[in-house]
Amino acid sequence: MPLLLRLVRASVLFGTILVSYLIQWGLCWLLRHQERRLDGRWREADPVWLEQRWAPLHERNARRLYHGMVELRGVYIKLGQVLSLTGGFLPRAYTRELEKLQDQVPPRSFTEIAGAFRESLGRSPAECFARIDEQPLAAASLGQVHVAHLKGTDQKVAVKVLYPGIRDIIKVDMRVIGWALSIYNLFLPFNGAERILHNLTDLLRRETDYLHEADCMVRMAGNFTSEPDILFPSPVRELTSRDVLTMTFMDGFKITRTDEMRRLGLDPHVVATRLVQSFYKQLFLDLFFHADPHPGNFLVQAGDDGTPRIVVLDFGAVSEARPELIDGAFEILQSLMTHDNEALLRGIDKMGFVAKDGNRALLEQTISVYFQRLLKIEDRTPAALMRADRDQLQKLADPEMERAELRELMKSTEYPEGWFYIERASVMMFWLVAQIDPTVDALPIGMAHVMPQVMMRQFERAAAAAPAEPAPADDRVGVEVPIAAASA
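To convert a position in the sequence shown, counted from 1, into our numbering, add 1425.
No lab work stands behind these hints, which were simulated from the structure alone. Do not rely on the hints blindly, as some may be mistaken.
Said to hold, decoys possible - With a straight-line Cα cutoff of 27 Å, these simulated BS3-like cross-link-like pairs (lysine-lysine) come out:
#: 1; residue 1: Lys1525; residue 2: Lys1679
#: 2; residue 1: Lys1679; residue 2: Lys1706
#: 3; residue 1: Lys1581; residue 2: Lys1679
#: 4; residue 1: Lys1596; residue 2: Lys1525
#: 5; residue 1: Lys1775; residue 2: Lys1706
All chains should be modelled from the sequences, with the hints used to inform the complete structure.
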(Lines of atoms letter the chains of each structure in order from A and count residues from 1; the text may use other names and numbers.)
(Lines give C-alpha, C1' and ligand atoms only; values in the text may rest on other atoms or scores of the structure.)
Protein backbone atom coordinates (compact mmCIF):
# COMPACT_ATOMS: atom_id res chain seq x y z
CA MET A 1 0.00 0.00 0.00
CA PRO A 2 1.49 3.41 -0.99
CA LEU A 3 2.49 5.56 1.98
CA LEU A 4 0.12 8.40 1.07
CA LEU A 5 -2.86 6.04 0.76
CA ARG A 6 -1.87 4.40 4.04
CA LEU A 7 -1.74 7.80 5.73
CA VAL A 8 -5.19 8.72 4.40
CA ARG A 9 -6.81 5.42 5.42
CA ALA A 10 -5.37 5.56 8.93
CA SER A 11 -6.46 9.18 9.36
CA VAL A 12 -9.98 8.35 8.17
CA LEU A 13 -10.15 5.38 10.56
CA PHE A 14 -9.21 7.35 13.68
CA GLY A 15 -11.09 10.45 12.55
CA THR A 16 -14.32 8.51 12.07
CA ILE A 17 -14.08 7.03 15.56
CA LEU A 18 -13.35 10.44 17.08
CA VAL A 19 -16.25 12.17 15.30
CA SER A 20 -18.70 9.45 16.35
CA TYR A 21 -17.77 10.03 20.00
CA LEU A 22 -18.05 13.80 19.66
CA ILE A 23 -21.55 13.43 18.20
CA GLN A 24 -22.57 11.05 20.99
CA TRP A 25 -21.14 13.38 23.63
CA GLY A 26 -23.11 16.27 22.11
CA LEU A 27 -26.35 14.29 22.17
CA CYS A 28 -25.82 13.32 25.80
CA TRP A 29 -25.10 16.95 26.69
CA LEU A 30 -28.32 18.07 25.02
CA LEU A 31 -30.35 15.47 26.91
CA ARG A 32 -28.83 16.53 30.22
CA HIS A 33 -29.36 20.20 29.34
CA GLN A 34 -33.02 19.49 28.62
CA GLU A 35 -33.39 17.85 32.04
CA ARG A 36 -31.78 20.86 33.66
CA ARG A 37 -34.30 23.17 32.02
CA LEU A 38 -37.14 21.11 33.51
CA ASP A 39 -36.08 21.37 37.15
CA GLY A 40 -33.39 24.09 37.11
CA ARG A 41 -30.43 21.96 38.17
CA TRP A 42 -28.05 19.38 36.77
CA ARG A 43 -28.81 15.75 37.44
CA GLU A 44 -26.15 13.13 37.94
CA ALA A 45 -26.25 10.82 34.95
CA ASP A 46 -27.77 7.42 35.70
CA PRO A 47 -25.07 4.73 35.19
CA VAL A 48 -27.55 2.35 33.55
CA TRP A 49 -28.68 5.08 31.18
CA LEU A 50 -25.06 5.94 30.35
CA GLU A 51 -24.27 2.29 29.66
CA GLN A 52 -27.25 2.01 27.32
CA ARG A 53 -26.17 5.13 25.44
CA TRP A 54 -22.45 4.39 25.13
CA ALA A 55 -22.13 0.58 25.01
CA PRO A 56 -23.43 0.11 21.42
CA LEU A 57 -21.11 2.87 20.18
CA HIS A 58 -18.13 1.26 21.92
CA GLU A 59 -19.00 -2.06 20.25
CA ARG A 60 -19.28 -0.50 16.77
CA ASN A 61 -16.08 1.49 17.09
CA ALA A 62 -14.17 -1.47 18.52
CA ARG A 63 -15.12 -3.57 15.49
CA ARG A 64 -14.27 -0.64 13.22
CA LEU A 65 -10.83 -0.31 14.83
CA TYR A 66 -10.16 -4.05 14.64
CA HIS A 67 -10.97 -4.33 10.93
CA GLY A 68 -9.03 -1.14 10.19
CA MET A 69 -5.93 -2.49 11.93
CA VAL A 70 -6.20 -5.81 10.09
CA GLU A 71 -6.34 -3.92 6.79
CA LEU A 72 -3.45 -1.58 7.63
CA ARG A 73 -1.33 -4.37 9.19
CA GLY A 74 2.25 -3.60 10.21
CA VAL A 75 2.55 -1.16 13.10
CA TYR A 76 -1.20 -1.17 13.68
CA ILE A 77 -1.17 -4.88 14.48
CA LYS A 78 1.52 -4.18 17.08
CA LEU A 79 -0.47 -1.23 18.46
CA GLY A 80 -3.58 -3.37 18.78
CA GLN A 81 -1.65 -6.05 20.65
CA VAL A 82 -0.17 -3.45 23.01
CA LEU A 83 -3.61 -1.97 23.69
CA SER A 84 -5.19 -5.38 24.25
CA LEU A 85 -2.68 -6.07 27.02
CA THR A 86 -2.16 -2.64 28.59
CA GLY A 87 -5.26 -0.71 27.57
CA GLY A 88 -7.11 -1.08 30.86
CA PHE A 89 -8.38 2.48 30.45
CA LEU A 90 -10.28 1.47 27.29
CA PRO A 91 -13.87 0.21 27.30
CA ARG A 92 -13.98 -3.57 27.51
CA ALA A 93 -15.40 -3.78 23.97
CA TYR A 94 -12.04 -2.61 22.60
CA THR A 95 -9.80 -5.02 24.46
CA ARG A 96 -12.19 -7.87 23.62
CA GLU A 97 -11.85 -7.13 19.89
CA LEU A 98 -8.13 -6.35 19.91
CA GLU A 99 -7.30 -9.60 21.72
CA LYS A 100 -8.16 -11.37 18.45
CA LEU A 101 -5.37 -9.65 16.50
CA GLN A 102 -2.72 -12.06 15.24
CA ASP A 103 0.61 -10.99 13.79
CA GLN A 104 0.15 -13.03 10.62
CA VAL A 105 0.02 -11.45 7.17
CA PRO A 106 0.20 -12.62 3.54
CA PRO A 107 3.87 -13.07 2.57
CA ARG A 108 5.71 -10.79 0.19
CA SER A 109 7.23 -12.11 -3.04
CA PHE A 110 10.60 -13.84 -2.89
CA THR A 111 11.95 -11.37 -5.46
CA GLU A 112 11.27 -8.53 -3.02
CA ILE A 113 12.83 -10.48 -0.13
CA ALA A 114 15.90 -11.43 -2.17
CA GLY A 115 16.38 -7.76 -3.07
CA ALA A 116 16.26 -6.75 0.59
CA PHE A 117 18.74 -9.53 1.42
CA ARG A 118 21.23 -8.33 -1.21
CA GLU A 119 20.78 -4.69 -0.16
CA SER A 120 21.67 -5.58 3.42
CA LEU A 121 24.49 -8.13 2.99
CA GLY A 122 25.87 -7.15 -0.42
CA ARG A 123 25.32 -10.68 -1.74
CA SER A 124 22.31 -12.51 -3.11
CA PRO A 125 20.75 -15.51 -1.34
CA ALA A 126 22.06 -17.75 -4.13
CA GLU A 127 25.61 -16.64 -3.35
CA CYS A 128 25.21 -17.38 0.37
CA PHE A 129 23.21 -20.61 0.45
CA ALA A 130 23.32 -23.96 -1.29
CA ARG A 131 19.57 -23.61 -1.63
CA ILE A 132 16.75 -21.57 -0.10
CA ASP A 133 13.00 -22.17 -0.06
CA GLU A 134 11.24 -19.37 -1.90
CA GLN A 135 8.03 -20.14 -0.02
CA PRO A 136 8.33 -18.60 3.46
CA LEU A 137 8.04 -20.67 6.61
CA ALA A 138 6.27 -17.77 8.36
CA ALA A 139 5.28 -14.18 7.58
CA ALA A 140 4.56 -11.44 10.13
CA SER A 141 4.00 -7.69 10.08
CA LEU A 142 7.67 -6.67 9.99
CA GLY A 143 9.40 -9.51 8.12
CA GLN A 144 9.28 -13.13 7.04
CA VAL A 145 11.31 -16.32 7.52
CA HIS A 146 12.69 -18.69 4.86
CA VAL A 147 14.40 -22.06 5.27
CA ALA A 148 17.83 -22.40 3.65
CA HIS A 149 20.93 -24.65 3.66
CA LEU A 150 24.48 -23.38 4.08
CA LYS A 151 27.07 -24.00 1.40
CA GLY A 152 29.72 -26.56 2.26
CA THR A 153 28.09 -28.02 5.37
CA ASP A 154 24.51 -28.15 4.03
CA GLN A 155 23.40 -27.13 7.55
CA LYS A 156 19.73 -26.20 7.74
CA VAL A 157 19.15 -22.60 8.81
CA ALA A 158 16.28 -20.14 9.19
CA VAL A 159 16.67 -16.77 7.48
CA LYS A 160 14.59 -13.85 8.76
CA VAL A 161 14.46 -10.82 6.47
CA LEU A 162 13.04 -7.41 7.38
CA TYR A 163 10.60 -6.08 4.79
CA PRO A 164 12.09 -3.39 2.55
CA GLY A 165 10.80 0.09 3.33
CA ILE A 166 9.30 -1.00 6.66
CA ARG A 167 11.11 1.72 8.61
CA ASP A 168 9.57 4.44 6.39
CA ILE A 169 6.15 2.87 6.95
CA ILE A 170 6.79 2.86 10.70
CA LYS A 171 7.63 6.59 10.67
CA VAL A 172 4.38 7.46 8.87
CA ASP A 173 2.30 5.16 11.06
CA MET A 174 3.79 6.51 14.28
CA ARG A 175 2.91 10.08 13.28
CA VAL A 176 -0.72 9.10 12.74
CA ILE A 177 -0.83 7.03 15.93
CA GLY A 178 0.74 9.89 17.90
CA TRP A 179 -1.91 12.27 16.59
CA ALA A 180 -4.75 9.85 17.37
CA LEU A 181 -3.50 9.12 20.89
CA SER A 182 -2.94 12.80 21.71
CA ILE A 183 -6.53 13.58 20.68
CA TYR A 184 -7.85 10.59 22.63
CA ASN A 185 -5.79 11.62 25.63
CA LEU A 186 -7.88 14.80 25.95
CA PHE A 187 -10.78 12.61 27.08
CA LEU A 188 -8.79 10.41 29.49
CA PRO A 189 -8.52 10.99 33.26
CA PHE A 190 -4.77 10.24 33.17
CA ASN A 191 -1.85 10.69 30.83
CA GLY A 192 -1.77 7.36 29.02
CA ALA A 193 -1.07 8.35 25.42
CA GLU A 194 2.58 9.27 25.92
CA ARG A 195 3.26 5.97 27.66
CA ILE A 196 1.64 3.89 24.91
CA LEU A 197 3.51 5.78 22.21
CA HIS A 198 6.82 5.37 24.03
CA ASN A 199 6.27 1.64 24.58
CA LEU A 200 5.26 1.03 20.97
CA THR A 201 8.22 3.04 19.62
CA ASP A 202 10.65 1.12 21.82
CA LEU A 203 9.11 -2.23 20.85
CA LEU A 204 9.40 -1.46 17.13
CA ARG A 205 12.98 -0.24 17.53
CA ARG A 206 13.95 -3.55 19.12
CA GLU A 207 12.08 -5.71 16.63
CA THR A 208 13.64 -4.03 13.57
CA ASP A 209 17.26 -4.49 14.68
CA TYR A 210 18.32 -8.07 13.98
CA LEU A 211 21.87 -7.50 15.26
CA HIS A 212 20.35 -6.69 18.64
CA GLU A 213 18.17 -9.79 18.40
CA ALA A 214 21.19 -11.98 17.66
CA ASP A 215 22.98 -10.61 20.73
CA CYS A 216 19.92 -11.29 22.90
CA MET A 217 19.69 -14.83 21.54
CA VAL A 218 23.28 -15.59 22.53
CA ARG A 219 22.94 -13.97 25.96
CA MET A 220 19.74 -15.83 26.87
CA ALA A 221 21.16 -19.15 25.66
CA GLY A 222 24.15 -18.53 27.94
CA ASN A 223 21.82 -18.17 30.92
CA PHE A 224 20.45 -21.69 30.32
CA THR A 225 23.64 -23.66 29.69
CA SER A 226 22.96 -25.74 32.82
CA GLU A 227 19.40 -26.59 31.71
CA PRO A 228 19.68 -28.85 28.63
CA ASP A 229 15.92 -29.19 28.21
CA ILE A 230 15.58 -25.49 27.27
CA LEU A 231 16.99 -24.97 23.76
CA PHE A 232 17.89 -21.92 21.68
CA PRO A 233 18.99 -21.35 18.08
CA SER A 234 22.41 -19.85 17.37
CA PRO A 235 22.99 -16.92 14.99
CA VAL A 236 25.19 -17.34 11.93
CA ARG A 237 27.12 -14.10 12.38
CA GLU A 238 28.61 -13.82 8.88
CA LEU A 239 25.11 -13.93 7.39
CA THR A 240 23.48 -11.60 9.90
CA SER A 241 22.98 -7.84 9.66
CA ARG A 242 20.58 -5.23 10.96
CA ASP A 243 17.98 -6.37 8.37
CA VAL A 244 18.83 -10.08 8.03
CA LEU A 245 19.09 -12.72 10.77
CA THR A 246 20.39 -16.17 9.87
CA MET A 247 20.21 -18.76 12.64
CA THR A 248 20.34 -22.51 13.11
CA PHE A 249 17.05 -24.22 12.27
CA MET A 250 15.25 -25.72 15.26
CA ASP A 251 12.94 -28.71 14.81
CA GLY A 252 9.80 -29.18 16.85
CA PHE A 253 6.06 -28.65 16.95
CA LYS A 254 4.02 -25.78 18.37
CA ILE A 255 3.89 -25.82 22.16
CA THR A 256 0.07 -25.78 22.27
CA ARG A 257 -0.11 -29.08 20.30
CA THR A 258 -0.94 -31.17 23.34
CA ASP A 259 -2.30 -33.94 21.11
CA GLU A 260 1.13 -34.31 19.52
CA MET A 261 2.76 -34.34 22.96
CA ARG A 262 0.59 -37.24 24.08
CA ARG A 263 1.22 -39.11 20.81
CA LEU A 264 4.96 -38.93 21.53
CA GLY A 265 4.47 -39.90 25.17
CA LEU A 266 5.20 -36.41 26.49
CA ASP A 267 3.29 -34.98 29.45
CA PRO A 268 1.73 -31.51 28.85
CA HIS A 269 1.85 -30.91 32.61
CA VAL A 270 5.64 -31.28 32.57
CA VAL A 271 5.92 -28.95 29.57
CA ALA A 272 3.76 -26.28 31.20
CA THR A 273 5.66 -26.60 34.48
CA ARG A 274 9.06 -26.23 32.82
CA LEU A 275 7.78 -23.26 30.82
CA VAL A 276 6.72 -21.53 34.04
CA GLN A 277 10.01 -22.34 35.75
CA SER A 278 12.07 -21.04 32.82
CA PHE A 279 10.07 -17.80 32.75
CA TYR A 280 10.43 -17.19 36.49
CA LYS A 281 14.17 -17.85 36.18
CA GLN A 282 14.46 -15.28 33.39
CA LEU A 283 12.46 -12.70 35.28
CA PHE A 284 13.60 -13.11 38.89
CA LEU A 285 17.11 -14.58 38.61
CA ASP A 286 18.54 -13.41 35.28
CA LEU A 287 16.62 -10.09 35.13
CA PHE A 288 16.65 -10.71 31.37
CA PHE A 289 13.48 -12.17 29.92
CA HIS A 290 11.53 -13.03 26.78
CA ALA A 291 8.84 -10.35 26.51
CA ASP A 292 6.83 -11.94 23.68
CA PRO A 293 5.91 -15.46 24.89
CA HIS A 294 3.09 -16.25 22.47
CA PRO A 295 2.54 -19.86 21.28
CA GLY A 296 4.37 -19.36 17.98
CA ASN A 297 7.62 -18.60 19.80
CA PHE A 298 7.92 -21.99 21.51
CA LEU A 299 8.40 -25.46 20.04
CA VAL A 300 8.55 -28.85 21.75
CA GLN A 301 10.89 -31.72 20.95
CA ALA A 302 11.10 -35.23 22.36
CA GLY A 303 14.52 -35.76 23.94
CA ASP A 304 16.54 -38.94 23.55
CA ASP A 305 15.53 -39.91 27.09
CA GLY A 306 11.83 -39.47 26.30
CA THR A 307 11.44 -36.20 28.20
CA PRO A 308 10.21 -32.98 26.57
CA ARG A 309 12.51 -30.19 25.47
CA ILE A 310 11.33 -26.64 24.92
CA VAL A 311 12.73 -24.57 22.04
CA VAL A 312 12.61 -20.78 22.49
CA LEU A 313 12.39 -18.57 19.38
CA ASP A 314 12.22 -14.86 18.43
CA PHE A 315 14.30 -12.57 20.64
CA GLY A 316 13.32 -9.20 19.20
CA ALA A 317 11.34 -8.20 22.29
CA VAL A 318 13.74 -9.53 24.93
CA SER A 319 14.11 -7.05 27.78
CA GLU A 320 16.12 -6.37 30.92
CA ALA A 321 14.31 -5.88 34.22
CA ARG A 322 15.27 -3.25 36.78
CA PRO A 323 16.12 -4.79 40.19
CA GLU A 324 13.66 -2.57 42.10
CA LEU A 325 10.82 -3.69 39.81
CA ILE A 326 11.67 -7.34 40.31
CA ASP A 327 12.09 -6.97 44.07
CA GLY A 328 8.67 -5.32 44.29
CA ALA A 329 7.05 -7.92 42.03
CA PHE A 330 8.55 -10.72 44.14
CA GLU A 331 7.13 -9.17 47.31
CA ILE A 332 3.70 -8.85 45.67
CA LEU A 333 3.70 -12.51 44.64
CA GLN A 334 4.77 -13.53 48.13
CA SER A 335 1.87 -11.51 49.53
CA LEU A 336 -0.58 -13.44 47.36
CA MET A 337 0.73 -16.70 48.77
CA THR A 338 0.83 -15.53 52.41
CA HIS A 339 -2.27 -13.26 52.30
CA ASP A 340 -0.14 -10.38 53.57
CA ASN A 341 -1.82 -7.09 52.68
CA GLU A 342 1.06 -4.98 54.05
CA ALA A 343 3.58 -6.85 51.89
CA LEU A 344 1.39 -6.16 48.86
CA LEU A 345 1.43 -2.42 49.56
CA ARG A 346 5.20 -2.45 50.12
CA GLY A 347 5.73 -4.24 46.83
CA ILE A 348 3.58 -1.79 44.88
CA ASP A 349 5.42 1.12 46.49
CA LYS A 350 8.81 -0.45 45.79
CA MET A 351 7.95 -0.95 42.12
CA GLY A 352 7.11 2.73 41.73
CA PHE A 353 3.36 2.57 41.11
CA VAL A 354 2.60 5.31 43.64
CA ALA A 355 2.71 8.82 42.15
CA LYS A 356 4.70 11.38 44.16
CA ASP A 357 1.84 13.87 44.40
CA GLY A 358 -0.97 11.30 44.38
CA ASN A 359 -3.50 10.41 47.05
CA ARG A 360 -1.60 7.59 48.71
CA ALA A 361 -4.33 6.83 51.26
CA LEU A 362 -6.96 6.37 48.53
CA LEU A 363 -4.64 4.16 46.51
CA GLU A 364 -3.83 1.95 49.49
CA GLN A 365 -7.50 1.69 50.45
CA THR A 366 -8.51 0.66 46.92
CA ILE A 367 -5.72 -1.90 46.64
CA SER A 368 -6.64 -3.38 50.02
CA VAL A 369 -10.29 -3.80 49.00
CA TYR A 370 -9.33 -5.43 45.70
CA PHE A 371 -6.78 -7.68 47.40
CA GLN A 372 -9.21 -8.99 50.02
CA ARG A 373 -11.83 -9.80 47.38
CA LEU A 374 -9.26 -11.47 45.15
CA LEU A 375 -8.25 -13.77 48.00
CA LYS A 376 -11.86 -14.97 48.26
CA ILE A 377 -11.57 -16.57 44.81
CA GLU A 378 -10.72 -20.19 45.64
CA ASP A 379 -9.43 -21.24 42.22
CA ARG A 380 -6.85 -18.74 40.97
CA THR A 381 -5.14 -21.00 38.45
CA PRO A 382 -4.56 -19.43 35.00
CA ALA A 383 -7.32 -21.54 33.46
CA ALA A 384 -9.90 -20.48 36.05
CA LEU A 385 -9.10 -16.81 35.64
CA MET A 386 -9.06 -17.23 31.86
CA ARG A 387 -12.62 -18.56 31.98
CA ALA A 388 -13.69 -15.51 33.97
CA ASP A 389 -14.58 -12.53 31.85
CA ARG A 390 -12.51 -9.43 32.53
CA ASP A 391 -15.72 -7.65 33.52
CA GLN A 392 -16.09 -10.14 36.39
CA LEU A 393 -12.55 -9.45 37.57
CA GLN A 394 -13.16 -5.72 37.37
CA LYS A 395 -16.08 -6.17 39.78
CA LEU A 396 -13.50 -7.01 42.44
CA ALA A 397 -12.80 -3.29 42.61
CA ASP A 398 -14.70 -1.14 45.09
CA PRO A 399 -18.21 -0.61 43.65
CA GLU A 400 -18.80 2.29 46.05
CA MET A 401 -16.05 4.39 44.51
CA GLU A 402 -17.36 7.65 43.08
CA ARG A 403 -16.22 8.89 39.69
CA ALA A 404 -14.32 11.77 41.29
CA GLU A 405 -12.43 9.27 43.44
CA LEU A 406 -11.75 7.13 40.39
CA ARG A 407 -10.22 10.10 38.57
CA GLU A 408 -8.09 10.89 41.61
CA LEU A 409 -7.04 7.25 41.84
CA MET A 410 -5.88 7.28 38.22
CA LYS A 411 -3.82 10.39 38.90
CA SER A 412 -2.30 8.73 41.97
CA THR A 413 -0.95 5.82 39.94
CA GLU A 414 2.36 5.91 38.09
CA TYR A 415 3.41 3.52 35.34
CA PRO A 416 7.03 2.64 36.22
CA GLU A 417 9.66 2.49 33.51
CA GLY A 418 10.13 -1.07 32.26
CA TRP A 419 6.82 -2.38 33.59
CA PHE A 420 5.30 -2.57 30.10
CA TYR A 421 7.46 -5.54 29.07
CA ILE A 422 7.03 -7.35 32.39
CA GLU A 423 3.26 -6.91 32.26
CA ARG A 424 3.10 -7.94 28.60
CA ALA A 425 5.21 -11.05 29.15
CA SER A 426 3.41 -12.09 32.34
CA VAL A 427 -0.06 -11.82 30.80
CA MET A 428 0.97 -13.71 27.66
CA MET A 429 2.70 -16.44 29.67
CA PHE A 430 -0.34 -16.67 31.95
CA TRP A 431 -2.63 -17.49 29.00
CA LEU A 432 -0.12 -19.78 27.29
CA VAL A 433 0.29 -22.00 30.35
CA ALA A 434 -3.50 -22.25 30.66
CA GLN A 435 -3.72 -23.47 27.05
CA ILE A 436 -1.14 -26.20 27.61
CA ASP A 437 -2.45 -27.52 30.95
CA PRO A 438 -5.34 -25.79 32.76
CA THR A 439 -4.45 -27.48 36.05
CA VAL A 440 -1.02 -25.88 36.39
CA ASP A 441 -0.94 -23.20 39.09
CA ALA A 442 1.89 -21.00 37.87
CA LEU A 443 2.41 -18.92 41.02
CA PRO A 444 3.51 -21.59 43.55
CA ILE A 445 5.44 -23.53 40.89
CA GLY A 446 7.37 -20.48 39.73
CA MET A 447 7.99 -19.10 43.21
CA ALA A 448 9.28 -22.45 44.53
CA HIS A 449 11.72 -22.58 41.61
CA VAL A 450 13.32 -19.19 42.27
CA MET A 451 12.66 -18.38 45.94
CA PRO A 452 15.88 -19.76 47.47
CA GLN A 453 18.10 -17.83 45.04
CA VAL A 454 16.06 -14.63 45.32
CA MET A 455 16.07 -14.76 49.11
CA MET A 456 19.83 -15.33 49.13
CA ARG A 457 20.35 -12.39 46.77
CA GLN A 458 18.26 -10.14 48.99
CA PHE A 459 20.18 -11.29 52.08
CA GLU A 460 23.54 -10.63 50.41
CA ARG A 461 22.39 -7.21 49.23
CA ALA A 462 21.18 -6.28 52.73
CA ALA A 463 24.44 -7.50 54.26
CA ALA A 464 26.50 -5.47 51.80
CA ALA A 465 24.46 -2.34 52.51
CA ALA A 466 24.70 -2.65 56.31
CA PRO A 467 27.48 -0.57 57.92
CA ALA A 468 30.31 -2.63 59.38
CA GLU A 469 30.30 -2.77 63.18
CA PRO A 470 33.62 -1.65 64.73
CA ALA A 471 35.44 -4.22 66.85
CA PRO A 472 35.04 -3.58 70.58
CA ALA A 473 38.11 -1.81 71.96
CA ASP A 474 39.65 -2.68 75.31
CA ASP A 475 40.07 0.56 77.28
CA ARG A 476 42.55 -0.96 79.71
CA VAL A 477 45.86 0.40 78.46
CA GLY A 478 48.78 -1.96 78.83
CA VAL A 479 46.66 -4.89 80.00
CA GLU A 480 47.44 -8.13 78.22
CA VAL A 481 44.37 -10.09 77.17
CA PRO A 482 44.64 -13.83 77.78
CA ILE A 483 44.57 -16.03 74.66
CA ALA A 484 41.63 -18.04 75.98
CA ALA A 485 39.60 -14.87 76.54
CA ALA A 486 40.47 -13.49 73.11
CA SER A 487 39.30 -16.63 71.38
CA ALA A 488 36.12 -16.97 73.41
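Taking each numbered hint in turn, which are not upheld by the structure, reported in ascending numerical order?
-> none
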